[in-house]
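**Q** Each chain, letter by letter, is given below.
There are 2 protein chains.
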Amino acid sequence: MKIALAQLNYHIGNFESNTNKIITSIREAKQNGADLVVFAELCVCGYPARDFLEFNEFISLCDAAAKKIAAECIDIACVIGLPTPNNNPEGKDLNNSAYFIENGEVKAVVNKALLPNYDIFDEYRYFEPSTQFNCIDFKGKRIALTICEDLWNTIENPLYVTRPMDTLIKQNPDVMINIAASPFAYNHDEERIAILSDNARRYNLPLLYVNHVGAQTELIFDGGSLVFDNTGTLADEMPYFTEHTAYYTLTDNGGITFEHPTTLIVKRESDIEQIYHGLILGIRDYFYKSGFKQAILGLSGGIDSAVVCALAGEALGPENVMAVLLPSKFSSDHSLKDAEDLVKNLGCKSETVAIEKITDAFESALHPQFANLPFNIAEENIQSRSRAVLLMAMCNKFGYILLNTSNKSEAAVGYGTLYGDMCGGISVIGDVFKTQVFQLARYINRDREIIPENTIVKPPSAELRPDQKDTDSLPEYDTLDAILVQYIEHRCSSAEIIKQGFADEVVRKVLRLVNLAEHKRYQTPPILRVSPKAFGMGRRMPIVGKYLT
Amino acid sequence: MKIALAQLNYHIGNFESNTNKIITSIREAKQNGADLVVFAELCVCGYPARDFLEFNEFISLCDAAAKKIAAECIDIACVIGLPTPNNNPEGKDLNNSAYFIENGEVKAVVNKALLPNYDIFDEYRYFEPSTQFNCIDFKGKRIALTICEDLWNTIENPLYVTRPMDTLIKQNPDVMINIAASPFAYNHDEERIAILSDNARRYNLPLLYVNHVGAQTELIFDGGSLVFDNTGTLADEMPYFTEHTAYYTLTDNGGITFEHPTTLIVKRESDIEQIYHGLILGIRDYFYKSGFKQAILGLSGGIDSAVVCALAGEALGPENVMAVLLPSKFSSDHSLKDAEDLVKNLGCKSETVAIEKITDAFESALHPQFANLPFNIAEENIQSRSRAVLLMAMCNKFGYILLNTSNKSEAAVGYGTLYGDMCGGISVIGDVFKTQVFQLARYINRDREIIPENTIVKPPSAELRPDQKDTDSLPEYDTLDAILVQYIEHRCSSAEIIKQGFADEVVRKVLRLVNLAEHKRYQTPPILRVSPKAFGMGRRMPIVGKYLT
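These protein sequence lines are chains X and B, in that order. When the first sequence is numbered by UniProt numbering, its final residue is 549 and no position is left out of the sequence of numbers. When the second sequence is numbered by UniProt numbering, its final residue is 549 and no position is left out of the sequence of numbers.
In short, the hints are calculated from the structure, not lab data. Computed from a predicted structure; not experimentally measured. We treat Cβ as the ideally placed atom computed from N, Cα and C, and that holds for glycine. Any given hint could turn out to be false.
To spell it out: a stretch of chain B is covered by chain X in this simulated footprint if at least three of its residues, at any positions, have a beta carbon under 8 angstroms from a beta carbon of chain X; those stretches are [as the list claims (entries may be wrong)]:
1) 44-51
2) 91-98
3) 102-111
4) 120-127
5) 537-545
Chain X with its partners taken away, still in its complex shape (with noise of 0.2 angstroms):
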């Protein structure tokens, strides 16, 4: 039996799209004369599709697109996963459904067991989870098919009592299909390796593994569907962030056999390549999803503006991105240079715009109101919100989407101002630390001078009052980020990070500026998540609480 596992790239809520991708690819399949097609979970609507599940028309027209698909799968048939209504009237309303379509009808149905809902994911809140597991026989095999999830209760400490594949292997199936949508985190590949590599040894079958490639909004899908043999043994690997569709063949004897290349990756990418070819495809779905084209962003002189910069000159090619200079009478010489240098290496749009008339016309609108009160963050914030103003208004005019160059580290301590450089549509480096920004830009530089060397290595400044530097605030960054990983990232409590051998006083500081900061990030743009923990919808916190503050 021959199998296409297709990894595409869908969006939420486009129908029209989702659908013609996965006839095209029906059809394709069938010419290379592949037995089944298989695609990943809820691809048909997207995913995620969060509340949009919650509206009976939007469940109707995931319904309409699978009829369109199962018409296709004559001689040919597929996997295709989509939200389905649950017929018993106590649970849930709906399933997180996968089809088996053979001679244009669905022969089978599987429901999805255990549902994630920590992090990022809020499954249980749409679905109810199955509590039958029957295989499917087709063309002599049995096949096990489970929905992601469903295979990630082998791990120690597991979220979940019950395991799916424990009722299936008492069927004796030949083969384990598992359909998948499961998002990008620099350590996450090597993760699902290990899991499903578990599954197939433990229950002696090969295993076949589709997943979501693209992004939606802030979730990236990374692709790099996998294909084990039944002793675990990795056979296969797609290519990671790019659409692809590949053939197998089961043996008889458990193995697995392909007919291309093997795609097998040799040396896996560092963390720091993963997060930016990440970016990019963050970067470039959010424009293409949403229908816009060209960027806009402030530079400063900084790294975060410039690695942001160009990051977006490679996804939206430079021509696309509009740099705009906002000095004030506090930007440095270097700055304005150092911005002007990678505008040239880049060879993306720019502009100039001075603010400190902007600046001084509202200090005497305030000097009533303000009188002789010394300067201080009020008037530092009215420079960042005025160069906030000029990128919006340039984004009304000319329809530019604004593109936020927070980092992490400052996100997390809130060393940002609301309604400043915490605007954006969408924030690119949100979930990378300062320290990784700096690895970033070296990645960056790896061929040729983009980014210029003295934005790297000068020391990081917010420039809003004279001889300004983060480290006036601030520990350094090595220390900051390393102990942010350690409360963001696992959790840990003051008392565990001291003991690790970082200073009580700036510990408990950190904490709590963190804890202080929760008001600011509820209210910035979506971050694109590269890590297992990002701010967002993976880290939902009280606003007004006490704990550590």
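Since the structure of chain X is already known, use the hints to place chain B on it.
**A** Using the frame of chain X, we list chain B on its own:
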């Protein structure tokens, strides 16, 4: 047996204040001769603690607080709610538990079985549902203790496949006690009474129900704890929106007696009265629990800012409200006069800052880019954003929190400026449709004119260009709000709404506007929730989606 129900206002993560409140209440109940005092669900840590629950230290602090509380329970028993570790390695790491404490020790632990995970609820994100149900014997009575949602499965199309009381009733309990964290919506009190009454009648048992009171950022808990006899008749109802403790005695025949005059509500409040009281509590607790006292807002002369100003005056005292008049060249004379009249009527503080020189500065800075392009939304938004920069500068200088004044109708269709009038620490009327805002204004003026009559009767306008009216861009608010209720609260399709008699073109335009504005709503402040479906954590939508756009 004499039972005290303590309806208290907790603060998330504020273990010291929550524990002190609970202990004070235990001592008071003991003095009043109670055998048992019952507190609300998760009272130890506050509700919803959200991802604080993922921090082991946070769970340890809950345990430490429970130990302190237990030490007080000599000659009196109590029921408290807290998260506890799940001892089974399979499943989620926590349970949503109730401790029955007697003689200084935890005598019984009840874990919640039905975990709400819809709208604003995320309980399956943290908790493993219970599958074991046991009554508690205390002083000759057998108590069926359940937690909130555990009793909410008697409705048609239930969300869960189990019903804890069906097991507990077989153990012949004498009384049901339910501890809850049930947030306010204008129609939720009657729903609560109906469902709990149905439980009392169905199981032929008296039922004591204790709820949270107080606001946690966007969620307002309204109290209104309830007592039913075994026929399902409402025996007592605690006050709404305020702390309260009351005492009840179980009789041997399944009845309930109580000493104080009944507080049973004879005439229920209208939706608008409830919304008014909810918003007052919401504002008050947001400031109090954040440690702030002073609010600021921009006063345009229009009805939205007038209503918010009056609500803030009531919640915080007019001396703690700073209203800023920010006229532009498009502001009408009546706007300034109406705003000044409101300030006078209310007795709040005010300042006037004209924005024309600021917008001029922006426009001349952008002249090279904008050249001779016509005045459009770019210049309109510059006005709105300049006002936001001024208000935020006042916040930064003097320590105010900015109140957002957007209503639900304009938030729905995106009729507002991101980083402009959509700014603020908390959105006061973001869950109140424009037609309801008018009703609120009339209610605020019930005893005397606070909001000037002209503000109520003039046609709404953003005044960002000459002679602008809201109806230039939007349908009349009566029509708009009626369509929005159908779409947002009832999740009807366009076809279903059109069938109700609305014009095809108008319905499609409104639904399209709602979906296109997701990116704006993503970045708005938390919104005080007063309806069953507010924007914010209870409505989770894709930004880059294609459905209905």
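**Q** Next, verify each hint and record whether it holds.
**A** Each hint tested on the structure:
1. 44-51: holds (count 5)
2. 91-98: holds (count 3)
3. 102-111: violated (count 0)
4. 120-127: holds (count 3)
5. 537-545: holds (count 8)
Comparing the model with each numbered hint stated earlier shows that hint 3 is the single one that does not hold.
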